[in-house]
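S.K.: In mature numbering (1 follows the signal peptide of the UniProt record, and there is no 0), the protein residues as written are -27 to -1, 1 to 160.
For the record, the hints were derived by calculation from the structure and aren't laboratory data.
Some clues are possibly wrong.
[As the list claims (entries may be wrong)] Using C-beta positions, here's what the derived DEER-type ranges look like:
(1) 147 / 99: 33 to 43 Å
(2) 148 / 43: 25 to 35 Å
(3) 103 / 31: 10 to 20 Å
[Claimed, not checked] Keeping only pairs whose Cα atoms sit at most 30 Å apart, straight-line, the calculated DSBU-like set for lysine-lysine is:
(4) 29 / 68
(5) 101 / 68
(6) 29 / 101
(7) 101 / 132
(8) 83 / 29
(9) 83 / 101
(10) 83 / 68
(11) 132 / 29
Glycine is no exception: its CB is placed at the ideal position from the N, C-alpha and C atoms.
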Amino acid sequence: MKNFSLRTFATALSLSVLAGVAATAHAADASKATGATNATNATSNATNATSNATVKVEDAWVRATVPNQHATGVFMRLTSPEAGRLIAVESDAAKHVEVHEMAMQDDVMKMRQVPAIALPAGQPVDLKPGGYHVMLIDLARQITPGDHIDVTLIVEDAKQQQHRVPVSVEARALNAKAGEAPAKHGH
């Protein structure tokens, strides 16, 4: 599985947090020596999401694509039992995976990458069209309605421990909105 981070801020924070761990410190030094600019070592050292800090994921879906479309969005509702942050996402479905938000800037709605999304304790956070969402960029293949793809959320808790949260997302039609289940029909 290829690993993609949220760049600068998450990289610096993750590497500094993990620098105290001997194996990670060595990996971080090796990363610096090779000129790596992502948080590969930080996110590859994330723990499995087996503690009580596991994030609840609901209504996870990916927008289906048309032929030759190179990017799409992934949407879901996240609820963390304790304060945390979504700091990275991984997926084999695309070469690059980023966390984005849509926001008004000079009376124009613009999309931009963000280093993390705050997850307040016990409060749902919606990743939805027109707001926060995950972008899959340089897709490995076309995603059609009903397809399933796997993503792994990297969540950092208040103690700066990282947790991996695997999620299977189902593709919905291009015109789908949050909460709409894919159409089911028989032949």
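S.K.: Please go over all the hints and tell whether each is borne out by the structure.
M.R.: Hint-by-hint comparison with the structure:
1. For residue 147 and residue 99, the Cβ-Cβ distance of about 20 Å falls outside the hinted range of 33 to 43 Å, so the restraint is violated.
2. A C-beta distance of roughly 19 Å is found between residue 148 and residue 43, which places it outside the suggested range of 25 to 35 Å.
3. Look at residue 103 against residue 31: about 18 Å separates their beta carbons, and that is inside 10 to 20 Å.
4. Under the criterion of a C-alpha separation no larger than 30 Å, the hint pairing residue 29 with residue 68 is consistent with the structure, at around 26 Å.
5. Proximity of residue 101 to residue 68 is assessed by CA-CA distance (about 22 Å); at most 30 Å being required, the pair is judged to hold.
6. Pair hint residue 29 plus residue 101 holds up; C-alpha atoms about 16 Å apart against a cutoff of 30 Å.
7. About 27 Å separates the Cα atoms of residue 101 and residue 132, which keeps this hinted pair within 30 Å; it holds.
8. For the suggested pair residue 83 and residue 29, the alpha carbons sit about 28 Å apart, so the restraint of at most 30 Å is met.
9. This hinted pair checks out: residue 83 and residue 101 have alpha carbons roughly 15 Å apart, not beyond 30 Å.
10. Restraint check for residue 83 and residue 68: satisfied, since their Cα atoms lie roughly 23 Å apart, inside the 30 Å limit.
11. A C-alpha spacing of about 18 Å is found between residue 132 and residue 29, which places the hinted pair at or below 30 Å, so the restraint holds.
In terms of the numbered hints stated before, the structure departs from hints 1, 2, listed from lowest to highest.
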